[in-house]
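Colleague: Line order of the protein sequences matches chains C and E.
The numbering of the first sequence is the numbering used here, which starts it at 2 and goes up by one.
The numbering of the second sequence is the numbering used here, which starts it at 225 and goes up by one.
These are calculated hints, taken from the structure and not from any lab test.
Do not rely on the hints blindly, as some may be mistaken.
[To be verified] Across the chosen pairs, the derived CB separations fall in these ranges:
1. C:Pro-108 to E:Lys-240: 36 to 44 Å
2. E:Trp-280 to C:Gly-56: 25 to 33 Å
3. E:Arg-245 to C:Glu-133: 51 to 59 Å
4. E:Arg-252 to C:Lys-148: 40 to 48 Å
5. C:Arg-105 to E:Ala-274: 40 to 48 Å
6. C:Pro-108 to E:Asp-234: 16 to 24 Å
7. E:Ala-256 to C:Glu-133: 28 to 36 Å
[Said to hold, decoys possible] List of simulated lysine-lysine pairs, PhoX-like, C-alpha gap at most 20 Å:
8. C:Lys-106 to C:Lys-43
9. C:Lys-148 to E:Lys-318
10. C:Lys-4 to C:Lys-58
11. C:Lys-5 to C:Lys-48
12. C:Lys-43 to C:Lys-4
13. E:Lys-240 to C:Lys-58
14. C:Lys-43 to C:Lys-74
15. E:Lys-230 to C:Lys-48
16. C:Lys-106 to E:Lys-318
17. C:Lys-43 to C:Lys-58
18. C:Lys-4 to C:Lys-50
19. C:Lys-106 to E:Lys-233
20. E:Lys-240 to C:Lys-151
21. C:Lys-151 to E:Lys-230
22. C:Lys-5 to C:Lys-43
23. C:Lys-34 to C:Lys-74
24. E:Lys-233 to C:Lys-148
25. C:Lys-151 to E:Lys-233
26. E:Lys-240 to C:Lys-34
27. C:Lys-158 to E:Lys-318
28. E:Lys-240 to E:Lys-230
29. C:Lys-43 to C:Lys-54
Glycine included, C-beta positions come from ideal geometry on N, C-alpha and C.
The chain contents come next:
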Amino acid sequence: MTKKWLHHVLEQHHTDAYLWARQCCDFDDEGAKDVLQMVYLKILEGKAKYNEKSGVKTWIFSVIRNTAMDHQKSKKALYSLSIVQEIADDYDTHEFVDYQAIIRKLPERQKQVALLVFYHGQTLEEIAEILELGVGTVRTHYDRGKKALKELLINSK
Amino acid sequence: MENDDKELKDFFATMKNADSRVEVPDFRLLAARKKKGMRPLMAVAASLVAVVISCWYLLSDNEQPQAVEIIITEKKEIGSMSLMTSDGTIEEWKSPTQSLIDDF
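This is chain C alone, in the form it adopts within the complex:
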């Protein structure tokens, strides 16, 4: 696995990686940029290694999720403030931000599973790899997430 190959693969999945990083950072653009930068450094410096057991995209998503979790912990206080501000901002902007408010209402695991299935087109097996969970657990989050999201959509109408 050469650095050139890694660079090529990262570039190929860059947009999806950024959107996933953004979702892991509660739709915070600056947070997503920081996380993705750390992810690229980890990968290109060989700190995160691809074991070829899963797809490349699944592996990148897994690294992003772990990095975002660490980043979130360190910035927890800041995020809670920015979220309050963002939610406040959402009220006076257009309908395209509504999904963020709805998605935020889901429990963390359900939110991640739903996004990975419906938004990123990952299979439950791949999601199990990304979230480091058993497939059965992922399926449970998937079913509960769907149910909860449907209720949220009905209530938002």
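Since the structure of chain C is provided, determine the placement of chain E on it from the hints.
Modeller: Structure of chain E alone, referenced to chain C:
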């Protein structure tokens, strides 16, 4: 995914459509960005250098002769010291016990 997920699929399709307006940063920019964590380390290193230079400057400053302050105070003479000082010349000097010879 079952057919009853259509509502969810539509929701996420709208979300994806909205996200197409999200400005994705340039890949090369992120891949080339220097580690942010290094910035505080560099700041600490710069501060340490500044402290070392300041200490060195202050220490080298101490080696130079410092100004000496001389305070002159009038001190009351005590004991026989007063007997040993005289404003007159040696010819005018009289023994302090001369009066005993002269008067008795």
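Colleague: If a hint holds in the structure, say so; if it doesn't, say that too.
Modeller: Okay, the hints, checked on the actual structure:
1. C:Pro-108 to E:Lys-240: 36 to 44 Å: The hinted range 36 to 44 Å is violated for C:Pro-108 and E:Lys-240, with Cβ atoms some 22 Å apart.
2. E:Trp-280 to C:Gly-56: 25 to 33 Å: With Cβ atoms ~58 Å apart, the hint is violated.
3. E:Arg-245 to C:Glu-133: 51 to 59 Å: Since E:Arg-245 and C:Glu-133 have Cβ atoms about 32 Å apart, the given range 51 to 59 Å is violated.
4. E:Arg-252 to C:Lys-148: 40 to 48 Å: The hint (40 to 48 Å, Cβ to Cβ) holds, given that E:Arg-252 and C:Lys-148 are roughly 42 Å apart.
5. C:Arg-105 to E:Ala-274: 40 to 48 Å: holds, 45 Å
6. C:Pro-108 to E:Asp-234: 16 to 24 Å: Since C:Pro-108 and E:Asp-234 have Cβ atoms about 22 Å apart, the given range 16 to 24 Å holds.
7. E:Ala-256 to C:Glu-133: 28 to 36 Å: Taking Cβ atoms as reference, E:Ala-256 and C:Glu-133 lie about 30 Å apart, which means the hint holds.
8. C:Lys-106 to C:Lys-43: violated, 31 Å
9. C:Lys-148 to E:Lys-318: Given pair C:Lys-148, E:Lys-318 is violated - Cα atoms ~125 Å apart, limit 20 Å.
10. C:Lys-4 to C:Lys-58: Holds - the C-alpha atoms of C:Lys-58 and C:Lys-4 are around 16 Å apart, at most 20 Å.
11. C:Lys-5 to C:Lys-48: holds, 16 Å
12. C:Lys-43 to C:Lys-4: Judged against 20 Å, a Cα distance of about 12 Å means the pair holds.
13. E:Lys-240 to C:Lys-58: holds, 18 Å
14. C:Lys-43 to C:Lys-74: holds, 18 Å
15. E:Lys-230 to C:Lys-48: violated, 41 Å
16. C:Lys-106 to E:Lys-318: At roughly 113 Å apart (the allowed maximum being 20 Å), E:Lys-318 and C:Lys-106 break the hint.
17. C:Lys-43 to C:Lys-58: It holds: about 15 Å lies between the C-alpha atoms, which stays within 20 Å.
18. C:Lys-4 to C:Lys-50: holds, 11 Å
19. C:Lys-106 to E:Lys-233: holds, 18 Å
20. E:Lys-240 to C:Lys-151: holds, 18 Å
21. C:Lys-151 to E:Lys-230: holds, 10 Å
22. C:Lys-5 to C:Lys-43: holds, 15 Å
23. C:Lys-34 to C:Lys-74: It holds: about 16 Å lies between the C-alpha atoms, which stays within 20 Å.
24. E:Lys-233 to C:Lys-148: Holds: E:Lys-233 and C:Lys-148 sit about 13 Å apart, inside 20 Å.
25. C:Lys-151 to E:Lys-233: Holds, at roughly 11 Å.
26. E:Lys-240 to C:Lys-34: holds, 19 Å
27. C:Lys-158 to E:Lys-318: violated, 125 Å
28. E:Lys-240 to E:Lys-230: holds, 15 Å
29. C:Lys-43 to C:Lys-54: holds, 19 Å
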